[in-house]
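Asker: The chain contents come next:
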Amino acid sequence: MDTMEKKKLIYLDNNATTPCDPRVVEAMLPYFTEKFGNAASRSHEFGWVAEEAVDYAREQVAALIETDAREVIFTSGATESDNLALKGAFEMYARKGKHIITVKTEHKAVLDSCRRIEKMGGEVTYLDVDHQGMIDLEALEAAIRPDTIMVAVMWANNETGVIQPMKEIGEICARHGVLFFSDATQAVGKIPVKPKEVGVHLMAMSAHKMYGPKGVGALFVNRKAPRVKVTAQMDGGGHERGMRSGTLNVPGIVGFGQAAEIARKEMAEEAQRLSRLRDRLEQGLLKLEETYVNGNPDSRMPHVTNISFKHVEGEGLMMTFNKEIAVSSGSACTSASLEPSYVLIAMGLGDDLAHSSIRFSLGRFTTEEEVDYAIEAVSKGVNHMRELSPIWEMYKEGINLEEVEWSEH
Amino acid sequence: MAYSEKVLDHFNNPRNVGTLDKSKKNVGTGLVGAPECGDVMRLQIEVDEETGIIKDAKFKTFGCGSAIASSSLATEWLKGKPIEEALEIDNMAIVEELELPPVKIHCSVLAEDAIKAAIEDYKKKNGQA
Ligand SMILES: Cc1ncc(COP(=O)(O)O)c(C=O)c1O
Ligand code: FES
Chain G
103 MDTMEKKKLI
113 YLDNNATTPC
123 DPRVVEAMLP
133 YFTEKFGNAA
143 SRSHEFGWVA
153 EEAVDYAREQ
163 VAALIETDAR
173 EVIFTSGATE
183 SDNLALKGAF
193 EMYARKGKHI
203 ITVKTEHKAV
213 LDSCRRIEKM
223 GGEVTYLDVD
233 HQGMIDLEAL
243 EAAIRPDTIM
253 VAVMWANNET
263 GVIQPMKEIG
273 EICARHGVLF
283 FSDATQAVGK
293 IPVKPKEVGV
303 HLMAMSAHKM
313 YGPKGVGALF
323 VNRKAPRVKV
333 TAQMDGGGHE
343 RGMRSGTLNV
353 PGIVGFGQAA
363 EIARKEMAEE
373 AQRLSRLRDR
383 LEQGLLKLEE
393 TYVNGNPDSR
403 MPHVTNISFK
413 HVEGEGLMMT
423 FNKEIAVSSG
433 SACTSASLEP
443 SYVLIAMGLG
453 DDLAHSSIRF
463 SLGRFTTEEE
473 VDYAIEAVSK
483 GVNHMRELSP
493 IWEMYKEGIN
503 LEEVEWSEH
Chain F
2 MAYSEKVLDH
12 FNNPRNVGTL
22 DKSKKNVGTG
32 LVGAPECGDV
42 MRLQIEVDEE
52 TGIIKDAKFK
62 TFGCGSAIAS
72 SSLATEWLKG
82 KPIEEALEID
92 NMAIVEELEL
102 PPVKIHCSVL
112 AEDAIKAAIE
122 DYKKKNGQA
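In order, the protein sequence lines correspond to chains G and F. Numbers 103 to 511, taken from the numbering used here, label the letters of the first sequence in order. Numbers 2 to 130, taken from the numbering used here, label the letters of the second sequence in order.
Hints are computed from structural coordinates only; laboratory data are not their basis. Note that the coordinates shown come from a computational prediction; the quantities given were computed from them, not determined experimentally. A few of these clues could be false.
Said to hold, decoys possible - Restraint ranges, calculated between C-beta atoms of paired labels, are given here: (1) F:Q129 with G:N485: 38 to 44 Å; (2) G:L388 with F:N13: 22 to 28 Å; (3) G:V506 with F:A3: 31 to 37 Å; (4) G:A245 with F:A3: 29 to 35 Å; (5) G:Y394 with F:L88: 38 to 44 Å; (6) F:Q129 with G:E391: 40 to 46 Å; (7) G:D474 with F:A3: 55 to 61 Å; (8) G:N140 with F:I106: 45 to 51 Å; (9) G:E470 with F:I54: 53 to 59 Å.
Unchecked claim - Computed footprint of chain G on chain F; a stretch qualifies when at least three of its residues, placed anywhere within it, have a C-beta under 8 Å from a C-beta of chain G: (10) 38-46; (11) 85-92.
Heads up, the beta-carbon is just placed ideally off N, CA and C, and yes, glycines get one too.
Produce the complete structure using the sequences and hints provided.
Answerer: Here it is in structure tokens:
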């Protein structure tokens with residue numbers, strides 16, 4: 103890679119987190135210093151100023167998702183929102199039932215909340231997905247029981263960008279009178295997300311995935327028809343209509359609001375630009391042999407592509423270009439666990455293809471030049487790693503790798 | 002996780018990448034790991050039949066950076082060693098040399114396994130097993 107001219111590290115991991123938009127930072131700054139008040143202080147100007155800022159941000163977030171501002175509950179992020187939606191509904195609706203339906207490819211914040219609910223006596227059905235990452239609507243409907251309280255399906259998947267059929271799921275939930283919760287962390291601010299239009303009653307979001315600050319997010323909670331409530335998981339001063347106590351993170355919330363407003367105005371154009379760049383990246387990389395895109399190409403976020411480079415291990419591959427490009431891999435070797443991506447495994451990818459996967463997620467600040475550079479660097483890396491790969495050599499010799507007797511360890 | 006300088010060096014300039022002629026009687030091949038586990042290592046030795054000294058060693062590895070570095074280092078250590086001495090190469094020596102963190106110890110284990118498998122294959126071919 104020495105022949106390529108040195109450039110700054112290119113960030114193609116925007117699904118992990120996005121940089122703050124400078125306009126967001128600018129909006130936040132006064133709220134650290136001169137406007138530092140506690141939004142719950144009702145007796146003086148400092149408090150009123152802070153409260154006003156929070157109210158304004160709430161309007162900005164509500165406008166983005168076309169809901170009433172009173173339906174937006176601020177939290178510390180999507181992890182907390184997921185926990186609050188699931189555990190809070192489980193507690194609140196205990197009398198109705200104890201069954202929840204979710205999907206195997208959900209984020210850990212959802213899956214682990216469900217595990218906890220099972221420990222608390224709840225029952226959870228984990229739906230399968232097909233090889234493109236889509237749930238089966240008939241299987242969903244068949245899983246609904248008289249004691250089902252909630253269906254939890256994420257809007258867009260963080261690893262593959264696959265978008266679930268939200269409208270159809272919403273109709274099924276409405277027909278059976280069960281709540282529909284969606285973790286929309288990866289979709290909000292990037293594609294139109296209107297929970298009311300598709301019958302979503304609870305929805306998690308996070309500022310740091312949409313060019314806002316880390317440590318702030320929200321839960322949308324439907325107010326009318328049906329009036330949804332969740333039991334607080336954090337007890338204290340009764341902030342956020344009693345659903346989430348704790349002094350509000352005013353600068354963070356202001357930043358979230360600003361990020362939402364920017365997204366609302368710029369989303370359409372940005373999505374178009376990013377999908378063009380994503381397609382360019384994808385087409386460039388698919389020129390390599392034995393390279394496959396993971397996830398439904400017809401129902402996918404515009405800025406994401408997840409690609410398996412067969413017979414190359416993801417972490418090793420990333421090491422060839424991690425001075426130039428930042429991405430993430432579904433390979434086990436990148437995480438502390440030794441299991442490859444459970445999302446890709448649930449889609450029926452073999453462990454070998456899951457180990458060979460790289461997720462590229464573009465963002466607001468990605469340029470065409472960076473994409474072209476990435477194509478070059480990744481292609482070089484793949485070719486280099488294949489020269490080092492014994493299974494690539496075996497594949498090239500026409501050996502059927504399925505028939506080799508491997509020594510598992 | 003940051004990689005040690007030594008891992009990076011072996012990763013960026015892997016030593017002795019390649020393939021020896023399996024059909025030769027004095028070549029031993031060890032293939033360990035599995036694609037499903039995310040790591041496959043193939044290590045080959047060519048032995049001088051007169052002296053029992055390993056005169057060449059080659060590897061190919063599908064795996065993370067530490068696995069590639071471990072096998073590259075292993076081939077360096079193997080060259081010029083009598084096979085009996087080569088059998089004594091211990092994975093912890095690789096861990097120490099490459100400063101591998103605990104989660105990467107299994108990559109070094111794989112290298113030790115590959116060495117043992119290659120020597121065993123050589124011995125089998127030559128009626129010494
Ligand atoms: C789908 C999804 N849900 C939840 C989270 C967690 O969000 P946060 O970092 O705001 O807790 C993430 C981010 O990793 C995500 O991608
Ligand atoms: S080969 Fe899996 S961590 Fe090294």
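Asker: Next step is simple, just say for each hint if it's right about the structure.
Answerer: Outcome of the hint check:
1. F:Q129 with G:N485: 38 to 44 Å: 39 Å, holds
2. G:L388 with F:N13: 22 to 28 Å: Because 27 Å falls inside the window, the suggested range holds.
3. G:V506 with F:A3: 31 to 37 Å: 34 Å, holds
4. G:A245 with F:A3: 29 to 35 Å: 45 Å, violated
5. G:Y394 with F:L88: 38 to 44 Å: Cβ of Y394 (chain G) to Cβ of L88 (chain F): about 41 Å, so the range 38 to 44 Å holds.
6. F:Q129 with G:E391: 40 to 46 Å: 41 Å, holds
7. G:D474 with F:A3: 55 to 61 Å: Violated - the Cβ-Cβ distance for D474 (chain G) and A3 (chain F), about 28 Å, lies outside 55 to 61 Å.
8. G:N140 with F:I106: 45 to 51 Å: 50 Å, holds
9. G:E470 with F:I54: 53 to 59 Å: Holds, since E470 (chain G) and I54 (chain F) (Cβ atoms, about 56 Å apart) stay within the stated range.
10. 38-46: holds (count 6)
11. 85-92: violated (count 0)
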